[in-house]
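There are 2 protein chains.
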Amino acid sequence: MSIPIAAPEPLAQGTLRVTPIGGLGEIGRNMTTFEFDGKILIVDCGVLFPEEHQPGVDLILPDFEPIKSRLDDIVGVVLTHGHEDHIGAVPYLLRLKNDIPLIGSGLTLALVEAKLKEHRIKPYTLTVVEGQKEQVGPFDLEFIAVNHSIPDAMAVAIRTPAGLALATGDFKMDQLPLDGRITDLRSFARLGEEGVDLFLVDSTNADVPGFTPTERSIGPVLDQVIAKSQRRVIVASFSSHVHRVQQVIDAAHANGRRVAFLGRSMVRNMTIAQQLGYLTVPDNTLIDYKKARDLPDDKIVYMSTGSQGEPMAVLSRMANLDHAIEPGEGDTIILASSLIPGNENAVYRVIDGLTRLGANVVHKANARVHVSGHAAAGELLYCYNILKPKNVLPVHGEYRHLMANAKLAQDTGIPEERTIIGGNGTIIDLRDGEATIAGQLDIGFVYVDGSTVGGVTDADLKDRRILGEEGFVSIIVVVDSSTGRIISGPEIHARGVAEDDSVFDDVTPKIIAALKEAAGNGVRDNHALSQIIRRTIGRWVNQKLRRRPMIVPLVIEA
Amino acid sequence: MSIPIAAPEPLAQGTLRVTPIGGLGEIGRNMTTFEFDGKILIVDCGVLFPEEHQPGVDLILPDFEPIKSRLDDIVGVVLTHGHEDHIGAVPYLLRLKNDIPLIGSGLTLALVEAKLKEHRIKPYTLTVVEGQKEQVGPFDLEFIAVNHSIPDAMAVAIRTPAGLALATGDFKMDQLPLDGRITDLRSFARLGEEGVDLFLVDSTNADVPGFTPTERSIGPVLDQVIAKSQRRVIVASFSSHVHRVQQVIDAAHANGRRVAFLGRSMVRNMTIAQQLGYLTVPDNTLIDYKKARDLPDDKIVYMSTGSQGEPMAVLSRMANLDHAIEPGEGDTIILASSLIPGNENAVYRVIDGLTRLGANVVHKANARVHVSGHAAAGELLYCYNILKPKNVLPVHGEYRHLMANAKLAQDTGIPEERTIIGGNGTIIDLRDGEATIAGQLDIGFVYVDGSTVGGVTDADLKDRRILGEEGFVSIIVVVDSSTGRIISGPEIHARGVAEDDSVFDDVTPKIIAALKEAAGNGVRDNHALSQIIRRTIGRWVNQKLRRRPMIVPLVIEA
Chain A
1 MSIPIAAPEP LAQGTLRVTP IGGLGEIGRN MTTFEFDGKI LIVDCGVLFP
51 EEHQPGVDLI LPDFEPIKSR LDDIVGVVLT HGHEDHIGAV PYLLRLKNDI
101 PLIGSGLTLA LVEAKLKEHR IKPYTLTVVE GQKEQVGPFD LEFIAVNHSI
151 PDAMAVAIRT PAGLALATGD FKMDQLPLDG RITDLRSFAR LGEEGVDLFL
201 VDSTNADVPG FTPTERSIGP VLDQVIAKSQ RRVIVASFSS HVHRVQQVID
251 AAHANGRRVA FLGRSMVRNM TIAQQLGYLT VPDNTLIDYK KARDLPDDKI
301 VYMSTGSQGE PMAVLSRMAN LDHAIEPGEG DTIILASSLI PGNENAVYRV
351 IDGLTRLGAN VVHKANARVH VSGHAAAGEL LYCYNILKPK NVLPVHGEYR
401 HLMANAKLAQ DTGIPEERTI IGGNGTIIDL RDGEATIAGQ LDIGFVYVDG
451 STVGGVTDAD LKDRRILGEE GFVSIIVVVD SSTGRIISGP EIHARGVAED
501 DSVFDDVTPK IIAALKEAAG NGVRDNHALS QIIRRTIGRW VNQKLRRRPM
551 IVPLVIEA
Chain B
1 MSIPIAAPEP LAQGTLRVTP IGGLGEIGRN MTTFEFDGKI LIVDCGVLFP
51 EEHQPGVDLI LPDFEPIKSR LDDIVGVVLT HGHEDHIGAV PYLLRLKNDI
101 PLIGSGLTLA LVEAKLKEHR IKPYTLTVVE GQKEQVGPFD LEFIAVNHSI
151 PDAMAVAIRT PAGLALATGD FKMDQLPLDG RITDLRSFAR LGEEGVDLFL
201 VDSTNADVPG FTPTERSIGP VLDQVIAKSQ RRVIVASFSS HVHRVQQVID
251 AAHANGRRVA FLGRSMVRNM TIAQQLGYLT VPDNTLIDYK KARDLPDDKI
301 VYMSTGSQGE PMAVLSRMAN LDHAIEPGEG DTIILASSLI PGNENAVYRV
351 IDGLTRLGAN VVHKANARVH VSGHAAAGEL LYCYNILKPK NVLPVHGEYR
401 HLMANAKLAQ DTGIPEERTI IGGNGTIIDL RDGEATIAGQ LDIGFVYVDG
451 STVGGVTDAD LKDRRILGEE GFVSIIVVVD SSTGRIISGP EIHARGVAED
501 DSVFDDVTPK IIAALKEAAG NGVRDNHALS QIIRRTIGRW VNQKLRRRPM
551 IVPLVIEA
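Chains as they are written, first to last, in UniProt numbering: chain A, 1 to 558; chain B, 1 to 558.
Hints are not guaranteed to be accurate.
Copies of one chain are not kept apart here, so a pair can be met inside one copy or by any two copies together.
Said to hold, decoys possible - The list that follows gives simulated cross-link-like pairs (lysine-lysine, DSSO-like), each with its CA atoms no further than 30 Å apart:
no.: 1; residue 1: 544; residue 2: 115
no.: 2; residue 1: 290; residue 2: 115
no.: 3; residue 1: 544; residue 2: 462
no.: 4; residue 1: 228; residue 2: 291
no.: 5; residue 1: 407; residue 2: 388
no.: 6; residue 1: 97; residue 2: 39
no.: 7; residue 1: 544; residue 2: 510
no.: 8; residue 1: 117; residue 2: 544
no.: 9; residue 1: 299; residue 2: 228
no.: 10; residue 1: 115; residue 2: 97
no.: 11; residue 1: 290; residue 2: 117
no.: 12; residue 1: 122; residue 2: 228
no.: 13; residue 1: 390; residue 2: 407
no.: 14; residue 1: 117; residue 2: 462
no.: 15; residue 1: 68; residue 2: 39
no.: 16; residue 1: 68; residue 2: 544
What the hints contain is simulated information worked out from the structure, not anything from laboratory work.
Could you build the full structure based on these sequences and the hints that come with them?
Here it is in structure tokens:
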């Protein structure tokens, strides 16, 4: 199912227009706009990480095109929590207009602020909220605590005269969270009694049956593994997972070990979390990693980044003996993290490298050292039943996740026509408790590559894929512009094709013959001559080598 | 641990020299040589499939370098079973010498023969064996039935005066296999009593605790899913998995449906399996897929390739509506297969595409529709205990699998110094029941790309990785060879770098200035001028775009 591109009717008075800009049909770059009475509220503004068919790309941004001409109408950006897929694109949005107000919880905005400083964006406007109401333009906002794999996450209820919308952000329903801050089902119940007209709900784990185990179940496993270890322990996890790090610190402390943070983002985030009181560290526990090397091996736990096998992160560099800490015989490495699809080979290469160095590697596949941050099917059913929303828009997920989530809604009695499967750019109008699809925007991918934002296009990525699979052959000929006579060349150079350019010796006379024939026929046009070269060598390479490298002919007139 | 390259001593009389050429530290291209008394026996000769850091490569072969000068000494190649990672490189070996005798079971050699015909290799020499003894040169061979995810798999016992070696090939210990052909533990017991001096054992699942469930457990699930389906059913699996296909045929037949094979390798392999009696098809069950389209939707099961998301295979093409069979609302797709690490994104893209078309996708993550073909830790313990081998060489696996397997051996009481962790090219000499590492060969990767074997090198792959991540910028300048004056250019062309070459307008004057300065200083050498261009534009691109494309300068004299 894909909705054909169609411009919507102008927004009628009294209607709320909801447009997911990113995060539908993908895991990442979450962003939704809410428009009422000429004003726009944005919920989340995250990045998407590229897959292997988007080579060389650093980040993918939401397509800001639909709001670029409306920047002055934006009354605020609500950030539900501090993960990259919800806040990562904020600096790029603020490059367009730096005084758009940012609204979120304390930890979320502290992480956003660190990001704005790195991007040298100022001034900026922050509004810290926590479980309170806030009027932002025509939007009456209420913030509701939810539990997730980062502290201080919130859902947001958005009231306008058109009705009540509730966006969960990312969440799960751990009933025994480390910080005691559960997803506030009482508020969900209250909102349900008031009447939720549109429920935007996290779909990431909608196809996972049952319930996500409690984060607390990991603590004893960490404790046991650390207790058994005779030498150094290195734990890798996400640098924003404050509760996971808390459990590592607690287990280290219980076993008489100190903790050193490794990796720029781990150090930065944990400093922020500690300053704001989200991370509790017993006295005399933290130690700088440079000093940690003087401790006996059984007195230290390193807490590091790199759990996804990222080649430049600490753990990969350790596995390659390219880091000051060199793992060895008897060390224990714990990957206390998920394995994000697409990263398997990279992660297994790191595990193999560490094993080869003599380390014992503990990971998700051989011990309970990770639980997910997202509500599984069983938890989502609780939400549907307590809220009984009139309309449901599954968000945050690939298509199969959105479909699975819609089916759960239908299982609780919500009619199929009230569960909306949309994509990025699907425009949903809410009025009198009725949500209808009012149009479909054309939403693209905006690639960040180096310092370039949007300068690298899908056509460039297609070129990169061809170059990366097949390499290229360039053929340069200098011709006399009046006679068409070859002055110099053809010079043939290839990269990524063959060990030695002499493989092309056979085709050179063919190119010369083809160009002479063309010259004899009076062909002088550079483009036409280039095409003749392309065809001649292209056909030869396909037949002789059975390959299809990029052919780059260049005819220079002199 | 890696063993430094070291040439071995010449092979002493009465010693068996065992050299794994491929399959250690990797999953694939399994191949081991056994040398005794000047003669060489090869066990298996498979291919490895490339990972994402080997872009554009079709296949990776074992490095035949160590045997290239010894072709006349090879007395035979034993093929333990018909999977690509054990037979796929046979045609490439036979290109070196086509009359090397091939020894294997009926199905294995039938699959090899199909391959040799495709490669137009003839004549060739086949010896079909099954649970019998065979003298091949100085090697006294005994073939032992093992159970695996393809019928007719065998282990091979190799007796020489130096001792008894047993190579399992790939195997598991399903106690209720579909064809009743269990791994022959009685023979293992007998060999154990005789005394196994060296045990070469499949490590693929050594790090998986417990026991692989029986293939038989999948049948009822398939039956249930097909019974519930109101419309078409499409099952994807490996084209060599005869028993999986058998169960699909049985479930289809039980539900009054006919079966059509889709995909070239599926059709070919199942034709061979049926002809040789490995696949039993009830009368009037198979139907050509073109005719199947005339059947009612609830009367057909398509059995297809493409379970790993391979872009050119049937299932991917169906998901892209690029196949004669177009899945739609209410159809059921079953992925009755494993998910090989590295293929996750491709497979999930196919699942998403099919879901989007309205199909219900059943796969490993939501139903028991796959079991592994390899012995898990529990099964391996049985083998060690019944064989009590003197020396163990874990094979077929990444380093972590080899390590896990060695630890299992040690758990059953085999001393650590008798469990050998080797790599490709590790030379192991067996004499008087003692196995020792005698040397280490330098083993490379041999890439097949198009019609080229070995012509694409690691340097080419490095170029491809740079090109694929960053693209390239080529700069062509035509200069007067005597004065150094620029006659034409610089012409700058880039691919995969930026939407528009005009981004380089700023750097053109810098290049001209640099070349003029060089000309003024009397620099005439093409290479030196190229380096000046490379530095000038390279520095500019790094600073301006924060990227590192391949820079390809070319100075032409005219």
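Hints, verified against the model:
1. Taking the shortest Cα distances, residue 544 and residue 115 sit within 30 Å of each other only across copies (22 Å), while inside one copy they are farther apart (53 Å).
2. Proximity of residue 290 and residue 115 under a CA criterion of 30 Å is satisfied intra-copy only: 26 Å inside one chain copy versus 58 Å between copies.
3. For the identical chains of this complex, residue 544 and residue 462 are neighbours both inside a copy (24 Å) and across copies (23 Å), given an alpha-carbon limit of 30 Å.
4. In this assembly of identical chains, the alpha carbons of residue 228 and residue 291 lie at most 30 Å apart only when taken from the same copy (24 Å versus 64 Å across copies).
5. Taking the shortest alpha-carbon separations for residue 407 and residue 388, only the intra-copy value of 14 Å comes in at or below 30 Å, while the best inter-copy value is 55 Å.
6. Taking identical chains as interchangeable, the C-alpha atoms of residue 97 and residue 39 lie at most 30 Å apart only when both belong to the same chain, with a minimum of 16 Å there against 77 Å between chains.
7. Taking the closest pair of Cα atoms, residue 544 and residue 510 come within 30 Å of each other only inside a single copy of the chain (14 Å); across copies the shortest separation is 41 Å, beyond that limit.
8. Within a single copy, residue 117 and residue 544 get their C-alpha atoms only as close as 55 Å, which misses the 30 Å cut-off; across copies the closest is 21 Å, which meets it.
9. When the C-alpha separation of residue 299 and residue 228 is checked against a cutoff of 30 Å, the pair qualifies only within one copy, where the shortest distance is 13 Å, while the shortest distance between copies is 58 Å.
10. When the C-alpha separation of residue 115 and residue 97 is checked against a cutoff of 30 Å, the pair qualifies only within one copy, where the shortest distance is 16 Å, while the shortest distance between copies is 63 Å.
11. When the C-alpha separation of residue 290 and residue 117 is checked against a cutoff of 30 Å, the pair qualifies only within one copy, where the shortest distance is 27 Å, while the shortest distance between copies is 63 Å.
12. For the identical chains of this complex, residue 122 and residue 228 are neighbours neither inside a copy (50 Å) nor across copies (60 Å), given an alpha-carbon limit of 30 Å.
13. In this assembly of identical chains, the alpha carbons of residue 390 and residue 407 lie at most 30 Å apart only when taken from the same copy (15 Å versus 58 Å across copies).
14. Neither within a single protomer nor between protomers do residue 117 and residue 462 lie at most 30 Å apart by alpha-carbon distance, with minima of 34 Å and 36 Å respectively.
15. In this assembly of identical chains, the alpha carbons of residue 68 and residue 39 lie at most 30 Å apart only when taken from the same copy (14 Å versus 76 Å across copies).
16. Taking the closest pair of Cα atoms, residue 68 and residue 544 come within 30 Å of each other only across two copies (25 Å); inside a single copy the shortest separation is 51 Å, beyond that limit.
Comparing the model with each earlier hint shows violations of hints 12, 14; every other hint is respected.
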